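Trainee: Residue numbers (this note's numbering), protein chains in the order written: chain A, 1 to 438; chain B, 1 to 250.
Possibly wrong hints are sitting among the right ones.
Each computed DSS-like pair below joins lysine-lysine, with the alpha-carbon atoms no more than 27 Å apart [what the hints assert, rightly or not]:
hint, chain 1, residue 1, chain 2, residue 2
1, B, K110, A, K394
2, B, K57, B, K165
3, B, K108, A, K428
Read the hints as simulated data drawn from the structure, not as lab findings. These figures come from a predicted structure and were not determined experimentally.
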Amino acid sequence: MDLKEKLISSFMAFENNVDIEHPVHDIRTEAIKNFETKGFPSKKEEAWKYTSLNSLQKIDFSIFPKEDNALEYKDVKRYSIHEIDTYKIVFIDGIYSSYLSETTHDGVDICLMSSALTKPMYRQVIDVYFNKVASKDESLTTLNTAFSREGAYIYIPKNKMPKKPVEILHFATGNEASLLLQPRNLVIVEENAEVQIIERHQSLTTNEVLTNSVTEIFAAESAIVDYYKIQNDANTASLIDNTYISQKSKSNVKVHTFSFGGKLTRNNLNFYQDGEYMDSTMKGVTILGEKQHVDHHTLVHHQQPNCESHQDYKGIYGENSTGVFNGKIIVDKIAQKTNAFQQNNNILVSDKATINTKPQLEIFADDVKCSHGCTIGQLDEDALFYLQSRGIPKKEARALLMYAFANNVLESVRIPEVKKRINKLIAKKLGVNLGFDL
Amino acid sequence: MLEIKDLHASVEDKEILKGINLEVKAGEVHAIMGPNGSGKSTLASVIAGKEEFEVTKGSVALDGEDLEEVAPEERAHKGVFLSFQYPVEIPGVSVTNFMKTAINESRKAKGLEDMPAKDMLKLIREKSELLEIDRKFLSRSLNEGFSGGEKKRNEIFQMAMLEPKVAILDETDSGLDIDALRIVANGVNKLKSKDNAVIVITHYQRLLDYIVPDFVHVLHNGKIVKSGGKELAMELEEKGYDWIKQEATV
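All chains should be modelled from the sequences, with the hints used to inform the complete structure.
Mentor: Set out below in structure tokens:
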């Protein structure tokens with residue numbers, strides 16, 4: 001039985017464990033039908049030309065993990081930003097761990113999707129927001145929607161800001177030979193409210209893990225959202241991240257994606273601008289080696305005038321790694337005075353590494369500023385000589401230049417400890433041992 | 001200290017240096033002047049070991065050791081320093097971190113431990129004061145967005161930190177206003193000693209009012225065509241390079 005069949009036949013078993021009377025279940029039922037029609041995307045589709053899910057579909061994934069897998073804090077501490085105090089929503093093999101988590105209802109809701117999807121007090125919010133920005137026909141999103149039950153639920157009311165950042169952490173213990181996880185997150189940031197979120201998926205063994213995650217983010221007028229995705233997973237862990245963001249006027253949403261690991265990572269990052277004078281920022285640092293594969297698909301849809309979007313993705317590809325950057329910008333006819341910037345710079349450090357980069361601009365307005373630039377290159381020889389002439393050996397000079405190239409994206413990271421952590425991960429990934437503190 | 005013998009160098013099969021002879025002794029200041037395209041910057045790059053240039057004949061030796069097979073970083077460890085005409089911008093690496101890395105790599109090459117952080121800070125403070133460099137400047141990305149003057153001052157700051165035996169200043173005066181020129185020249189003069197040497201590459205006599213050379217050499221078409229004392233620089237300033245070119249063709 002292939003994975004698609006297995007998933008479809010598992011849906012009935014899934015229904016035994018959820019409230020089928022809840023309106024959300026109509027959405028699930030609709031979604032599984034859509035998935036059944038579409039199935040997994042194949043390389044014949046333009047959007048999946050460079051990323052194949054074929055080999056993953058041959059793995060016999062467990063769809064419903066057994067319960068009660070416990071982890072000790074000391075075993076997972078290093079995967080969180082433990083230098084600072086944070087709210088934590090922690091899942092072990094997809095199951096919420098109250099022991100490792102710190103949630104809150106103190107003026108803001110930082111808790112569980114399973115509560116939001118079942119308790120009557122959340123019903124109204126769920127009616128308004130659940131599955132409203134996520135795609136109804138993209139197959140992996142519909143698959144997640146069909147099985148949506150657990151994940152992080154974050155609701156920040158008007159003018160509020162949580163006292164500390166929120167971490168969403170997923171751990172896979174390897175208790176299953178191979179595990180499919182489908183977390184579903186909902187983040188609602190009301191008018192003039194603010195939140196900072198750090199998300200990380202970590203497999204703790206070499207057993208196969210596939211995570212198909214969907215996150216919906218709603219930023220109301222003047223809301224501020226900073227979202228950091230740290231992707232540094234084991235070489236047997238794959239991630240399909242589908243993030244959908246709906247923004248209203250004067251809001252500011254930044255998503256930073258740091259991709260340093262994993263077997264196959266696909267980031268579908270979609271911004272929908274529904275209002276004026278707002279700013280959407282997408283930044284990424286990708287550093288890959290071995291046979292790792294990362295595919296960044298971004299979309300910014302400018303639907304109203306006077307808005308900005310900024311994209312800056314840097315990639316360093318070594319060994320047999322492969323990368324994809326596909327950045328789509330749509331500017332509607334009405335969206336005059338749009339400023340849309342996109343930049344994707346790549347360095348190939350191995351002859352066997354590959355990057356496919358493609359800007360895709362669809363501009364229907366005539367008074368806009370849109371720029372895009374893709375580069376694929378090697379390190380600058382003049383810069384290398386400059387560093388060497390100061391006594392820095394060639395190997396270290398190369399590492400230092402790559403570090404500088406990637407590090408440059410981090411200026412917009414607003415949590416110093418996150419910046420420091422990413423700096424360290426970059427240095428480690430590049431094998432840089434520089435004579436200074438990161 | 002630095003001995004250049006019959007040096008020929010090419011880039012992409014085009015010969016640029018066509019037999020240079022130059023001996024620089026400890027304690028001396030040499031000025032190399034000459035029109036555009038005469039090979040001044042190439043000479044500087046070849047001494048510092050830039051791989052793009054191929055030495056086809058002759059040699060460069062430091063303290064009697066032939067540098068032919070010596071990598072640029074090793075030349076730096078042995079005491080060669082080049083102040084770049086166009087210092088490269090390196091976003092993402094601060095001046096301070098860059099200097100720490102450079103100093104500690106040099107120490108490592110000499111079998112020494114990293115310089116203790118406290119000593120490093122003290123050294124940085126001392127040398128930045130010498131060049132009248134603002135502390136804030138040191139945490140900025142190396143050369144990124146620096147003005148022409150700031151870049152050159154930063155080069156001499158690096159020279160002060162690394163304390164080379166032979167410093168080559170490649171058009172350090174270009175892009176400097178008179179105040180910056182004085183600060184830079186003053187820095188170089190303070191670093192001068194009987195144990196080190198400076199080679200000043202310049203178009204104009206201006207810098208040589210501040211850094212007074214013992215010898216002036218005129219480079220033309222890849223060769224030193226005339227050498228003299230500091231008065232030669234004045235003569236060049238007055239008469240230009242045409243008479244040298246004519247003399248050379250004759």
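Trainee: For every hint, state whether the structure bears it out.
Mentor: Checked hints:
1. Using a Cα cut-off of 27 Å, the hinted pair K110(B) and K394(A) holds, with the two alpha carbons roughly 17 Å apart.
2. In summary, the hint linking K57(B) to K165(B) is supported, as the alpha carbons are separated by about 25 Å, within the 27 Å threshold.
3. A distance of roughly 21 Å separates the Cα atoms of K108(B) and K428(A); the hinted pair therefore holds under the 27 Å criterion.
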